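*Asks:* The chain contents come next:
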Amino acid sequence: MDIFANLMLGVSVSFTPANLLYCFVGTILGTAIGVLPGLGPVATIAMLLPITFGLPPESALIMLAGIYYGAQYGGSTTAILVNLPGEPSSVVTAIDGHQMARKGQAGRALSTAAIGSFIAGTIATLLIAVFAPLLAAVALQFGPAEYFALMVLGLIASIVMASGALLHALGMILVGLLLGMVGTDVNSGVSRYTFGMPLLSDGLDFVVLAMGVFGIGEIIANLSNTEDRSAMTKKVTGLLPTRDDWKRILAPILRGTALGSVLGVLPGGGAALASFGSYSLEKRLARNPQEFGQGAIEGVAGPESANNAGAQTSFIPMLTLGLPSNSVMALMIGAMIIQGIQPGPSVMTSQPALFWGLIVSMWAGNLMLLVLNLPLIGLWVKMISIPYHYLYPIIIIFCAIGVFSVNNTTFDVFGMAIFGIAGYAVRKLDAEPAPLLLAFILGPMMEEYLRRALLFAKGDFSVFLIRPISAGLILVAVVLLATLLLPSIRKKREEVFQEE
Amino acid sequence: MAIKVRGEKDFYIGVLYLALGAAGLWFGQTYPFGTPARMGAGFFPVIIAGLLVIFGLVAICRGLAVDGPEVGPIDFKGIALITASVVAFGLLLRPAGLIVAIVISGLIAASANDRFKLGWQALLGLFAFAACCALVFVTGLGLPISIFGTAFAGLYR
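One line per chain: the protein sequences are A and B, in this order. For the first sequence, the working numbering begins at 1 and goes up steadily by one. For the second sequence, the working numbering begins at 1 and goes up steadily by one.
Misleading hints may appear alongside valid ones.
Straight line, CA to CA, 25 Å or less: simulated DSS-like cross-link-like pairs of lysine-lysine [what the hints assert, rightly or not]:
hint	chain 1	residue 1	chain 2	residue 2
1	A	Lys-428	A	Lys-382
2	A	Lys-103	A	Lys-428
3	A	Lys-428	B	Lys-117
4	B	Lys-77	A	Lys-428
5	A	Lys-103	A	Lys-247
6	A	Lys-103	A	Lys-283
7	B	Lys-117	B	Lys-77
8	B	Lys-117	A	Lys-382
FYI, nobody ran anything at the bench for these hints, they're computed from the structure. Only a predicted model underlies this, so the values are computations on that prediction, with no experimental measurement involved.
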């Protein structure tokens, strides 16, 4: 069978001692940084990105994927233990998980999260192996109009999960697109927005932008929050779920996995959407809905599985279409480009070892998380209890070293400082920077596909509405935007983010 | 009647968007615009910047018309010190080397915290951290950064 052969190829790549080691180091580092409160996966990956530069492409991507899962798992740990979700998708975990921790059941909550994530990860990995080739085949039929429409949809979808006012998020997309224009226009050779600085002629570096806005900007914003994090640093006991627990969590895990796998493929932060969806689904199906919010184990199992399944399947559009569905995938694309790989439908055929190796290592990474993180929980608890004022100078220095090492220029370090101020400013003004990063990565691609689509259509904009796939995608984007603008949905969306 | 800002966050993000959009338009119109069939270098940027100007204006109007949350206190000290810390790292890295850059920029960053006191513990910690960084990044990962910068070149060569 084809899939079997492909998976075996993946096993042969990812189970080499070196790559297993990179996967291992990635998951551990990702968890270690991810548990630090206030550092979401984006900041974690951006910070750790430079250590993968010297590696061969397969190892670099395997390590990055490991960092990603680690960061996500670390984020859940922090959410459960200290009720400080680092990203939207672990907000839901914090609701019941933290209640469990307060009742002295932190161990149960953590192991449920780990087991749920592992089962979800395993199933989602298989789904990727089955569906990615199919989607890549479809993607080869995509013309420039379809790609452009898909990107528009992705950008609109990204604001669904962005906190803050809708208008602000839409504006951030435009700012991101505009920042993506900086540099030499590949078609005409015209220097755009470089202000005569030769260092800008290759464009802004996305690492500089990401670390400035997500790393430095967040630190400045966090300085004024002096919250107490010592709450849950007592010993975590009772790690393994009981037989009774298993009965309670199995169905939520499977339901969460199904929901997450589907929503994760959709552009625009599907993982977060999936965990919200799974939580309300479990609450509705539960025999004990009054327990939700008071520490229901189902309320941890479902969303965590959904979240992890979504995180896995969000690799599908990235690997097959070369389109990021969220800002983490935007970073992964950036990393691939640094490694000299142009993401897209051809990766699977031109670099099968890389493609399948990455997929199998996803599963390996999930297994490592399960096996290693439960025993290491004491270490993570210690990391959480490090006071922020010791931590942030270290984070700043890591960011500075990292950003310098991308291009070996101090220019980038200064750029990061500027984007840090900008990141603080937009946070203060209720505009979330995640859509900006996505738009920044998509900007040059969007321009290129728009140019090509219009060239083929001789300048006729109706091309996007005549071609059925593109028309469908545009329609979905318009409907999505319209629903977001509906007063009732808008209110609900703002309520959800109020709780953060 | 004086104009009153009712929703500060809307108003100021509007100003920001308007400024960025206007700048984008101002510089963008100097690039060849082309036609839809043959998009020039200015085509996409001008459209994006134009949309940004519109969004900015809408946000400003909303900020003037609708009551909204205030921006709240701005941590100028934090902005200044954190930025200074990053800039100091950039300035010092080449001439003074990694160790000095880390210690100085670490001290500046740490002083953004009110509870920070300069003492031997802080210095010792920073030097130890700098040594670890040098080991991991330069010796271990082989990043092309010099541990001691060009200013010290005469001392050990």
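*Asks:* A separate judgement is required for each hint: does it hold in the structure or not?
*Replies:* Status of each hint after checking the structure:
Annotation: proposed proximity of Lys-428 (chain A) to Lys-382 (chain A) is violated, straight-line Cα distance about 31 Å (limit 25 Å). With a CA separation close to 35 Å, the supplied pair Lys-103 (chain A) and Lys-428 (chain A) exceeds the 25 Å bound. A hinted pair counts as satisfied when its Cα atoms are at most 25 Å apart, and Lys-428 (chain A) with Lys-117 (chain B) does not qualify at roughly 28 Å. Only pairs whose Cα atoms come within 25 Å are accepted, and Lys-77 (chain B) paired with Lys-428 (chain A) is accepted, the gap being roughly 15 Å.
Annotation: proposed proximity of Lys-103 (chain A) to Lys-247 (chain A) holds, straight-line Cα distance about 21 Å (limit 25 Å). Taking the CA atoms of Lys-103 (chain A) and Lys-283 (chain A), the gap is about 20 Å. The hint holds against a cut of 25 Å. In summary, the hint linking Lys-117 (chain B) to Lys-77 (chain B) is supported, as the alpha carbons are separated by about 16 Å, within the 25 Å threshold. As the CA atoms of Lys-117 (chain B) and Lys-382 (chain A) are separated by approximately 24 Å, the hinted pair is consistent with the 25 Å bound.
When the structure is compared with the earlier hints, violations turn up for hints 1, 2 and 3 and for no others.
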